Amino acid sequence: MYPASPKLGLAHLGASTFFASAHPSESCGSNGLPLTPNSIRIYGRARALQLINHPHLSCYVDIHRGKHERIRVIQEYYLLNLKGACNKYPEIRSHTGLAQIAHQVLQGLVYLNTFGTVTCNLSPQNILLDPHGQAKLYNYGLYYMTEAGSAVSFPLGIVRYTAPEVLLHGASQDGGGGSGGTATVTGNPAWDVWSLGMVLAEAVMGYQLFEKCEEVEGLVAEVLRTGLAAEPLKHLAKTHNSTQKLDAAPQELRDFLCTCLTPDPKDRPMPRSLLNHPLFRTMTISAPLNPILPHFPVIDPSLCLIDFAQYKAKLSEVENKGTVLPDYPLIPNSDSPLQANHTTEVIKSEQKDQLSERSMREVYHLWQLAGGNVEQELKKQKLIRTKPAILTLPSVMVVEGEVFGGDASHQQQLEATTIILPLHSLRSRLAHVAAHKYYPLITQRECGTDDLETSRLPLVIRERDVEYQLHRILTFQRLLQAYPYKADLVKSEARKDTPPFYRSLIWAALLGVDGAVADTYQQLDKETPTLTDRQIEVDIPRCHQYDELLSSPQGHAKFTRVLKAWVVSHPHLVYWQGLDSLCAPFLYLNFNNEALAYACLSRFIDKYLHKFFLRDNSAVIQEYLAKFSHMIAFHDPRLANHLHSIGFIPELYAIPWFLTMYTHVFPLQKIFLLWDTLLLGEASLPLCVAVALLRQLADRLLQFGFNECILLFSDMPDIDMERVVRDSVQVFCSTPPSVTFRQHQRPTSERDNNSHLPQSSQDLLMTGVSLAELKGEQCPQVSGADLLELSAQRRKSRRGLAKLLLVDVRTSEEFARGTLPEAMNMPADFTFTPEGSLAPGPNAELLTSYRGKIIAVIGSRNNWGQVTEFAEKLLVLEFPRVCTLHKGIEVFRASGALVVPS
Amino acid sequence: MAQRGGAQRPSGGGQGKICQFKLVLLGESAVGKSSLVLRFVKGQFHEYQESTIGAAFLTQTVCLDDTTVKFEIWDTAGQERYHSLAPMYYRGAQAAIVVYDITNQDTFGRAKTWVKELQRQASPNIVIALAGNKADLANKRMVEYEEAQTYAEENSLLFMETSAKTAMNVNDIFLAIAKKLPKSDNNARSCWMLQVITFKTGETM
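Just so you know, the sequences run in chain order A and B. Be aware that the first sequence starts at 2, since it is given in this note's numbering, and climbs by one per residue. Be aware that the second sequence starts at 99, since it is given in this note's numbering, and climbs by one per residue.
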């Protein structure tokens, strides 16, 4: 959410692709597990590049992993690069123009250095110029994502601009402190300074450097020779007959070039110190040089000042951007004239193009929903060429699985071409959306998707509908920006559905994450070894590993840190296996924001799994499971009787369901669907989910014996999650709240303060029931308050439709002395035949007519056995929704609710 | 083999007996308990086998001469904290496989504790097997074969080094247990039951 990701503006979405190097087959790491494919290493690292947000660095929009170790990168792109711009615009190839470019490139480099990396890939092709003449580094993340090139088989960078020491020693060496080859690879910022010098020198001299060398060997030799020269700049000028041109350049520019081309990397200055070079005396910095970490909630007093500075910088940027370079190539030549016209029109009427005001990531998301597919585009534009499979077969394969021959040559180089993702179909798809819809007015009540027809269609359709998602994104963007002040509105909107684009933040909002999230996380000790480390270490490499992000080394490292942070910050709780699974959805959604993942995890456990991670949690879990048994009996007596008869108790299968809130049972995509609703509900909703799950499988379970039942759950069958979600809400709504009461649940503020209530009201509330009692009973207990509430509802409803039948099972004498209004007397001793069926009579008929409604069995707490026995007999007769009055009819004495039946 | 064996024949009598045994797997986490079961029951191996929470249940039948032995296998969670659940699973078990990882000395120590607990708490006639898993990683071995073997002999345990990955000794260890189990008639159940199970798990030995 914060900082906002860059807007599309006049940029294109460019796609490029390359191959990660493949491991030799069957090779294993030191833990016996197969080596992580390099494409996954790259994929995991590349995520962080999306955090980069600087006017002189092209935005990384998305990264995909394809088949055969292919990586596809989607990045902000412009059709003009430095080389083209120098040829086209005299003002850019002028000395001041070049100095301006140098200044902007340096700013980009400094930002990257603070971010913790270098580009190692600087060339005129990778310096793009946007229509306002601003330099934007392109493809600068290659060094970072490939871990200094170790995950690819091609060399990074173009030889003629590469620093001599890189050519000599390779780029995996480390520039600053730390060790090379690991995740701490930072590279040496001075390498880029050399490259910048070469790029600028070339532009000043107006020649391509070392043009005559065709062989790579020759080029390398030339670069090394330049590096060995006492004065590399003079050497370059001499060998390219450009001494005159160089002498024509201002002294400051020449001095700058000389400094950049310092042969010894130790003496060469860093980008940051070069910003103070006299050449840039009159120039100002375009934007802050320090990366701003993502921040949620957006409103945070500590950030206001930065925000303000940013805002001012933005304003001045907008002013600067006033003019577009004349005749700038806004659209590729290859577009058909019709499309071209359309696009030019759209771009010319910049004021009206709402899409350019949206962030690139959002536009790309919508583009995909509109049917856009990067792989298809790459194929269409010949960047991916499919070959007949027979041509790719290897010629020799040894027993160990290693192959030789075949066509692997394409992996050896980096394809420098970028293609442009055509946005016209998305634009025309959204053309009719009125401009004011892009700025939804958030009033107290409505936020405006209700008028769309799509809003009444099933979720799967809504999730794939471009226009609907656009509206949802616009609405939620507004609401989330106003979080926590609009928390209620976020919740009520999320009840409709959750747009996947903002799921991570919506979840955080639903969980009520607030405060100094980043600071809190930063202060936690995530490094010091603890006794839990081995367990975390063995659990992570098997937690949702089908997912590319979570299986990447970056994913594992983040997993470890978030889990360790949670363990260290909850000293009264401990790590139970399963906590890893619980962490997975949050980490997946907040991969670039560990602090938020941690905050969400903590809040989630606090609400839904209160006390579950105590060192001794057996009382908590046993109570939960007992409640689950009661819920099955309450909602599905037939199933409950069957499971009871075969001894299929929840202890044997439901512990992972509840302990991990289903994250150990279902894949991530299903969990998202489930949790979208779970997070909206009370802490008791998960019990209802479990009932809904059983209900979906009831047909099978009813036929199965013990072994088949447990086998069914050992390997969870395919579940229609949308139905489970629907059913669980229905189950929740038809369950009196006290039925799911647990003494170990998190006390809410109201329940906490029961003590101030008069004794008569306190009697009516649910209190803790001992585990032995819970387990000894098959039907749930219901509180007096819930019964009164349900009876009241009955009186209110128009047709007198009863939701509830009160059955007083005491003797008729006791009944006559006082009972609840509308209670029916069915003395326990006379109600059932010896075979257990209902003895015929008017009351038995009435009872049968209430099958399906809530049947509350009421008796005395002094004869409790009678009450539970009665309820269980009804359960055997497959009466659903049977419950017993908690603490007996005596609870109503003080409140005066009892009447003498007429 | 199951089909050819006693499955088609009625139970009882000297021939074609069907015996059902409850077997439990115990051991430190990530030593490969679930992988051993998966290899034995389905012939599969997953590099990233998920952790087990609570316990998992699987069945498999093997044929031994003229007896069909059906294992009901309880695969338990390894983390020490789940210890309190373990008795629920090993109670009434006729056999147990205690697993350790040959590349990790600590897991061997933990295996010894499990053996002690079983000897104290489980049924007196329980057949205990010790499995040194991950034998394919012999170059990272930390527990010597002889050390484990001596320990197994002293405690009269069956012992094998296994590899769920290469399937080495996996079936063998279950077969060895089957051989050692007493096969009296009161273990026998109907053939029909057995066929359903065989059909469900899909694979037989």
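Calculated from the structure, these hints are not laboratory results. Note that the structure is predicted; figures quoted are calculated from it, not measured. The reader is advised that the hints may include incorrect statements.
[Stated by the list, open to error] Stretch-level coverage of chain B by chain A, calculated; a stretch enters the list once three of its residues show a Cβ under 8 Å from a Cβ in chain A: (1) 151-159; (2) 164-177; (3) 180-189; (4) 220-226.
From the three backbone atoms N, C-alpha and C, an ideal C-beta is built for every residue, glycine too.
Numbers of unmet hints, in rising order: 4
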